[in-house]
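J.: Residues per chain, in single letters:
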Amino acid sequence: MGSDAPLLTVEELSVVFHGRGSDEVRAVDGVSFTLEEGRVTGLVGESGCGKSVTSLALMGLLPDRGVRVGGSAVMRLPEGPVNLLGLSARRMRDLRGSRLAMIFQDPLSSLNPVVPIGRQVTEILRRHRGMRGSAAEREAADLLYRVGIPDPRRRLREYPHQLSGGMRQRALIAMAVACRPRVMIADEPTTALDVTIQAQILELLKDLVTEEGTALLMITHDLGVVAGLCDDINVLYAGRAVERAPRAPLFAEPTHPYTVGLLGSIPRLDAPRGEPLTPIRGSVNDNIAWSQGCAFAPRCDHYTLECLQGPPVLAPVGAAAGVEGAAARTAATGRAAAADGGHVHRCVNPLRAGGASDRTAPEGPAAVGEDEEERG
Amino acid sequence: MPTTPSSADRPGAAREGTDAPGAPETPGAPDRNTPLLGRRAARIDRLAELMGEREQGGHGAGIWRTALARLRRSPMAITGAAIVAVFLVVALFSPLLAPYSPTAQTWGAEVFPNRNVFVGPRAENWLGLDNLGRDQFSRMVIGARQTLLVGVVATLVGFGLGAVLGGAAGAAAVLGGRWGRQVDNAVMRVIDMMLALPTLLLAVTIAALIGPSLTTVMIAVGVAQIPIFARLLRGAMLSQGGRDYVLAARALGVRRHRIALTHILPNSLGPVIVQSTLTLATAIIDAAALSYLGLGNPDPAFPEWGTMLADAQRFLSSAPQLAVYPALAIIVTALGFTLLGEAMREALDPKLRR
Amino acid sequence: MLRFLVRRLLQLIPTLGGLSILLFVWLQRLPGGPEYALLPDDATAEQRAQLRRSLGLDQPITVQYLAFLRRILQGDLGTSLNTGRPVTEEFFTRFPATFELAVTAMLIAVTVGVPLGYLAARKRGSVLDFAAVGGSLLGICTPVFFLAFLLKVVFAERLGLFPSAFRLSPGMSRTDLSGFVVLDGLRTGEFDVVRDALLHLALPGLALASIPLAVIVRMTRASVLEVVGEDYVRTANAKGLHPGTVRTRHVMRNAMLPVVTAIGLLTGSLFAGAVLTESVFAFPGVGSFVYAATQGRDYPVLTGFILLIATMYVLINLLVDISYSLLDPRVRAQ
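Residue numbers (our numbering), protein chains in the order written: chain A, 6 to 381; chain B, 4 to 357; chain C, 435 to 768.
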């Protein structure tokens, strides 16, 4: 839409936390994706897989100390492309809220409890659009109205605790869209909400994307959200993308065992009665370092010795995938395929394409009595 | 619930059961997925090896053990513990360490306070002489024991009575139903009233009742600490009382006083124990203030740092060392207990524990 | 808001009522009984008997308590054994001095403590943080009266920078309007009096400020550390707001809530600390008067002081509650 170049190109983003006295933690380990105008890109995975850290890194909201961010995130701006990760704090502040905005997970804790909603909306208008006094107030009321808050004049004077959960999330969205940002990041925007409210909020986000042509990065663990909203999907595990595809191929023919497992662990209405759900066993903590092999192997029902011989690379589905070093060439093809919007995965021993129906057939219920994944 | 695998071979073990339901625990059971038995063992071994690497320094330790581990790395805790240790050794072995009697005015002929003649540190009197010609070092060492006594007894009084009040209120509130909440309410009103009076004033009023003595100081300072302990224990018990394990115990029909004593109380003691360490410091400082107000121990045979400091104020301009020694001793000792207590509080704070 | 205030005021009644019972029991238990507290030592047996009758000490205990309560409510706290004048009167003439001292100490504690605590939190682990935390621990561990003596000896006697005693220099003439020296001086334009009074307030104010200062530094630091980790601060940063706006509107407005409560509690203990500080600097306030009372077992003065402190405490906490409800809309909603 509009232009052929993507709005935001993230290449090999990595985030390493190195606390005092403790070991380094690679929260994000070489993640690449692109955001395009009017499209929704999903980052999917369990909590702890690096989704939120990715978004905070793009927003420049990670703490100054104890964090190392690598890679690049080039955003196309009217005045030319800039690398978000290399900007000064001052430049980044100017962009935040105006060119790229973020919607957070928990609307109650994300709003300042002692400042009226109106003030929290007008302060961003004041900051980026130079609006003052009654003009700012009118615009704030208009914004609240646009995101579906009835009687916005009254709401402006109220405090967050006086609003319902859905209302609070709408107010946060109003703040995010106040300056018509080109890129918007939504970090689990519906997790803390009731199911009916969830649908309304997702509808609102969808409308904003179609009307304004905003590029939306949707971060979620909820595959229902993904299916309803996202155009392109990146599945993350332990800081790396394990599978990437447009929506239709991902749901129709998932190939990475983790994706398959995620799909298998959601209840389906069309499933026969009494068929047990198949959770992925273990938790996101049960993994090994990517440098040693596939981090998902300890929870995988299909791992082989090859999975543990070295880091698997991102390869187009159908091509022979291998481990790093042995197949540096495949990695390059993988990246090329990613740029084309093709279907890639990071798996040495992928499931057959179209294997969604028999995804768990060889194992049966894999982990009865095991810890279920921790969500939220 | 283990979040990291407690046994490294768990993935293998899980497969054991699901792969071969007919013959569990039999390693030689036929495997449809990987025909080569050796290969399968190899990959399990490899997985175990890789996961073992990640397990070192993992969790699983109880909060006290993690807290201890954190304490050992905290310079605050180490400094505090070192000071406290030195203080305890000096206080416990003071009769052996003191070279002279603390009361003997052996060098009385050398000191004339009204003519501003004092004797500073010298070979036989390491810290010089006090205003009556007594050996200052011996008095300081013996004083450590008295100071420790005041601190410990006062803390025990505050801890004991405060824990009884707070524990009763907390237990009543958690387990006593409507009637219990009223008991809790009444007790807490009294506690609130005690809180309305500053510690020192409370101590002064108590001292006014029983006259100046070492016991007065100990009781007065201790009683003044009751409301803090009571509030702390009650608060901790209320927060524990809402936990699932208490509900579980009640559902199982465990008697209420047993729940309170064996489940809630032990889990609520952490903050109270930390507070006792801090109270030892407060008690030593408050005891000094009471001595200054003339409510302390009037008996010179038992020197106590607070009394020594209060007595020495008169000579502060002419012989500042007389006040500075006990003052420094009080400050450093109080600092030691405070550092240790604060470090313990930080180590036990779930918000700071990561 | 009005309902909130009324509710808070009603909640005070049991606290003060209970306190009066405690005081009553305390007086009963005093050596010599309650009449001792109201009569000079050398009172004759006949005087005592008459007093017992007039006080109703031959009456049932509940009647006695009600009489005691009535006297307190009428402002009759008895007569000081040391000066022979009514305790209420003594307090009234001395209170302005203590009030000025307490305000000075609190101003020092807040204006230094809050910024210092904030900086220590934002530069966590730095030399400044270490110094602030270490210094405040040292402040808590130093006996107030020793610090007062130290300040007096060093800054007044050795260096001569400040006066070492009293509220004003001897011979300083001033127009007395209310007993508040600084306020009167500002109103009448006698700025030499104001300057002199402030110099006299400096050292005792500093000594008295030591503990509140230490507590405020540590509380502010802890509170700021907690608030900067909150989601709404992240939201504020995600809006690209200027750091100054984030600091004042989002961090400090929330971080100050617990500090305000602490300030209320500390103000009560300031008046108790004044007993120690004022006596060192011979500052003619309630504190040094009470110090004399502790030396001479002047029970009516002690009783009156306890009541004074408790009333102050209650009033200050009412103020704290009101300011808290202005700062935190969630409290108002309850």
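Incorrect hints may appear among the rest.
Said to hold, decoys possible - Pairwise CB distance ranges (calculated):
#, chain 1, residue 1, chain 2, residue 2, range
1, B, L135, C, L632, 56 to 66 Å
2, C, D626, A, R143, 35 to 45 Å
3, C, F564, B, L159, 30 to 40 Å
4, B, N117, C, G451, 25 to 35 Å
5, B, L272, C, Q481, 50 to 60 Å
6, C, R556, A, N88, 23 to 33 Å
7, B, R246, A, G135, 45 to 55 Å
To be verified - Chain A is nowhere near these chain C residues, computed Cβ spacing over 10 Å in every case:
#, residue
8, R442
9, L450
10, G451
11, R486
12, E523
13, F529
14, S598
15, N671
16, L675
Read the hints as simulated data drawn from the structure, not as lab findings.
These figures come from a predicted structure and were not determined experimentally.
Each residue gets a CB set at the ideal place from its N, CA and C atoms; glycine is no exception.
J.: Determine for every hint whether it applies to the structure shown.
T.: We went through each hint and held it up to the structure:
1. B:L135 - C:L632: 56 to 66 Å: This hint is violated: roughly 41 Å between Cβ atoms.
2. C:D626 - A:R143: 35 to 45 Å: For R143 (chain A) against D626 (chain C), whose Cβ atoms are near 56 Å apart, the range 35 to 45 Å is violated.
3. C:F564 - B:L159: 30 to 40 Å: holds (34 Å)
4. B:N117 - C:G451: 25 to 35 Å: violated (53 Å)
5. B:L272 - C:Q481: 50 to 60 Å: holds (55 Å)
6. C:R556 - A:N88: 23 to 33 Å: holds (28 Å)
7. B:R246 - A:G135: 45 to 55 Å: Holds - the Cβ-Cβ distance for R246 (chain B) and G135 (chain A), about 52 Å, lies within 45 to 55 Å.
8. R442: Its Cβ never comes within 10 Å of chain A, the nearest being 20 Å, so this holds.
9. L450: holds (31 Å)
10. G451: At about 34 Å from chain A, G451 (chain C) clears the 10 Å cut-off, so the statement holds.
11. R486: Fine: 57 Å to the nearest Cβ keeps R486 (chain C) off the interface.
12. E523: holds (45 Å)
13. F529: holds (35 Å)
14. S598: For S598 (chain C), whose nearest Cβ neighbour in chain A is about 46 Å away, the distance exceeds 10 Å, so it holds.
15. N671: At about 6 Å from chain A, N671 (chain C) fails to clear the 10 Å cut-off, so the statement is violated.
16. L675: violated (6 Å)
The structure shown violates the earlier hints numbered 1, 2, 4, 15 and 16.
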